[in-house]
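J.: Residue-level listing of the chains:
Number of protein chains: 2
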Amino acid sequence: MTTSPLRADAARNRQRLVAAAGVVLATRGLDAPLDDIAREAGVGNATLYRHFPSRCALIAAVFADRLREVVASMETFLNDDDPWRGFSSHLIHLCELQARDRALADLLTTRVSGAPELEELRRQVLAGLVELIRRAQVAGVLRKDFKHHDVVLILMANAGLLERTADHAPDAWRRQLDFILDGLRQVDGRAGRGAPLADVLEAMQAMAQRYGCGD
Amino acid sequence: MTTSPLRADAARNRQRLVAAAGVVLATRGLDAPLDDIAREAGVGNATLYRHFPSRCALIAAVFADRLREVVASMETFLNDDDPWRGFSSHLIHLCELQARDRALADLLTTRVSGAPELEELRRQVLAGLVELIRRAQVAGVLRKDFKHHDVVLILMANAGLLERTADHAPDAWRRQLDFILDGLRQVDGRAGRGAPLADVLEAMQAMAQRYGCGD
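Here the protein sequences line up with chains A and B, keeping their order. Following our numbering, the numbering of the first sequence begins with 284 at its first residue and continues without gaps. Following our numbering, the numbering of the second sequence begins with 284 at its first residue and continues without gaps.
Hints may contain errors.
For identical chains, the list gives no copy identity; a pair is met inside one copy or between any two copies.
[As the list claims (entries may be wrong)] The calculated SDA-like cross-link candidates involving lysine to any residue, where the alpha carbons are at most 25 Å apart (straight line), are: (1) 427 / 352; (2) 430 / 451; (3) 427 / 350; (4) 430 / 309; (5) 427 / 291; (6) 430 / 322; (7) 430 / 375; (8) 430 / 405; (9) 430 / 461; (10) 430 / 293; (11) 430 / 457; (12) 427 / 454; (13) 430 / 450; (14) 430 / 449; (15) 430 / 453; (16) 427 / 292; (17) 430 / 482; (18) 427 / 453; (19) 430 / 287; (20) 430 / 406; (21) 430 / 359.
Hints listed in this document are in silico derivations from the structure and should not be mistaken for laboratory results.
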């Protein structure tokens with residue numbers, strides 16, 4: 284099957300729009316004007332709406348792009364001989380992505396729904412994370428009461444810290460994360476308190492509603 | 284000197300307005316409509332504006348009330364025989380105040396300016412905090428690289444976490460804080476990274492600008 288010039292053109296425009304959206308959303312946040320994205324991509328508004336009938340569809344496409352990078356980098360961390368370094372590098376990597384990308388900071392803790400591709404990527408990230416945690420706990424270096432949804436809480440707190448410090452204390456997140464990582468090291472007799480998975484999932488769904496991308 | 288009935292009435296109205304503002308700002312945030320506060324206090328808008336010509340003046344009055352409570356509770360923590368318990372109880376107390384009061388969550392990390400009473404209360408809180416940290420570090424229970432402005436970062440992250448979880452995972456902040464506290468315990472060879480005091484102060488001033496209460 285050959286691709287018609289028209290179809291190739293459409294694919295190129297779509298690609299341009301996702302790239303432009305990535306830049307504009309990262310710097311101006313998830314509620315950046317769609318007009319600015321069309322302009323950045325060098326296409327008309329009508330073209331944008333033809334490819335992405337809603338802001339959510341565009342957000343989902345950008346987010347899928349970023350999650351593919353997370354999945355790829357996870358391979359490296361899973362192959363690390365040192366289970367603590369593998370686990371902590373992944374966490375540092377996620378927080379660093381948040382620091383570099385304002386839109387991603389909140390998207391990482393948002394359950395954007397209605398995008399099957401995103402669901403599959405999320406599943407892969409979660410599976411990798413569960414394995415990183417399992418390895419570090421089996422090796423006795425990560426506290427036993429740490430759960431995968433604690434990562435969501437860490438990322439939510441980090442997003443809030445970045446929002447308040449990004450312009451004036453850009454290294455603050457790294458310092459704070461060092462304190463947290465030191466607190467996650469296995470030491471006998473530690474036991475954390477509640478915040479069940481179901482509650483955290485609800486908080487993630489509420490984030491999606493905030494952007495009008497919920498169920 | 285006797286107080287005229289008119290003056291007593293004015294003082295009562297002022298008190299009512301501060302109390303009402305405390306409730307309304309705590310539940311609806313710092314940008315809650317001033318009309319709602321006047322209604323809650325049972326006074327007219329003109330009375331509100333006579334007492335508090337700007338939103339900032341009202342915020343400063345409410346905030347001073349809360350800071351007086353912080354100063355009072357600090358006495359207990361400073362008198363604790365166990366320096367770790369004294370320090371950590373103060374931190375838990377601050378985070379708990381944030382969890383209970385949406386407005387305070389961000390105010391605690393905002394340099395509201397132009398209110399000399401606030402400045403004096405802030406000075407007292409800072410002096411108490413510095414002493415709590417000093418005692419815990421001298422006793423060898425708090426990591427040596429912990430600085431008083433790290434408390435600001437912890438409170439900023441906590442505010443962000445609360446914003447995202449308060450409605451659905453109300454215990455999340457406590458769990459996260461346990462991880463941080465475990466990371467703050469003194470263990471040999473720990474060294475945190477940058478985020479100098481000057482940067483953190485700038486971030487606090489930026490918070491004030493966000494609410495139109497900066498210099």
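J.: Against each hint, give a clear statement of whether it holds in the structure.
T.: These are the hints, each one checked on the structure:
1. In this assembly of identical chains, the alpha carbons of residue 427 and residue 352 never lie at most 25 Å apart, being 29 Å within a copy and 37 Å across copies at closest.
2. Proximity of residue 430 and residue 451 under a CA criterion of 25 Å is satisfied inter-copy only: 18 Å between copies versus 32 Å inside one chain copy.
3. Neither within a single protomer nor between protomers do residue 427 and residue 350 lie at most 25 Å apart by alpha-carbon distance, with minima of 27 Å and 38 Å respectively.
4. For a Cα distance limit of 25 Å, the shortest separation of residue 430 from residue 309 qualifies neither inside one copy, at 29 Å, nor across copies, at 32 Å.
5. In the homo-oligomer, the alpha carbons of residue 427 and residue 291 never lie at most 25 Å apart, since the shortest distance is 52 Å inside one protomer and 61 Å across protomers.
6. Taking identical chains as interchangeable, the C-alpha atoms of residue 430 and residue 322 are never at most 25 Å apart, the minima being 43 Å within one chain and 46 Å between chains.
7. Taking the shortest Cα distances, residue 430 and residue 375 sit within 25 Å of each other both inside one copy (17 Å) and across copies (22 Å).
8. Taking the closest pair of Cα atoms, residue 430 and residue 405 come within 25 Å of each other only inside a single copy of the chain (17 Å); across copies the shortest separation is 38 Å, beyond that limit.
9. Taking the shortest Cα distances, residue 430 and residue 461 sit within 25 Å of each other both inside one copy (18 Å) and across copies (14 Å).
10. In this assembly of identical chains, the alpha carbons of residue 430 and residue 293 never lie at most 25 Å apart, being 43 Å within a copy and 55 Å across copies at closest.
11. With identical chains, the CA atoms of residue 430 and residue 457 are at most 25 Å apart both within one copy (21 Å) and between copies (15 Å).
12. When the C-alpha separation of residue 427 and residue 454 is checked against a cutoff of 25 Å, the pair qualifies only between copies, where the shortest distance is 19 Å, while the shortest distance within a copy is 29 Å.
13. In this homomeric assembly, residue 430 and residue 450 come within 25 Å of each other (Cα to Cα) only across copies, at 21 Å, whereas the closest approach inside a single copy is 32 Å.
14. Proximity of residue 430 and residue 449 under a CA criterion of 25 Å is satisfied inter-copy only: 20 Å between copies versus 28 Å inside one chain copy.
15. For the identical chains of this complex, residue 430 and residue 453 are inter-copy neighbours only, at 17 Å across copies versus 28 Å inside a copy, given an alpha-carbon limit of 25 Å.
16. Taking the shortest Cα distances, residue 427 and residue 292 never come within 25 Å of each other, neither inside one copy (53 Å) nor across copies (60 Å).
17. Only within a single protomer do residue 430 and residue 482 lie at most 25 Å apart by alpha-carbon distance; the minimum there is 13 Å, versus 33 Å between protomers.
18. Proximity of residue 427 to residue 453 under the C-alpha cut-off of 25 Å is restricted to the inter-copy arrangement: shortest distance 22 Å between copies versus 32 Å within a copy.
19. Taking the closest pair of Cα atoms, residue 430 and residue 287 never come within 25 Å of each other, the shortest separation being 50 Å inside a single copy and 63 Å across copies.
20. For the homomeric pair residue 430 and residue 406, the shortest alpha-carbon distance inside one copy (16 Å) is at most 25 Å, but the shortest distance between copies (40 Å) is not.
21. In this homomeric assembly, residue 430 and residue 359 come within 25 Å of each other (Cα to Cα) only inside a single copy, at 21 Å, whereas the closest approach across copies is 35 Å.
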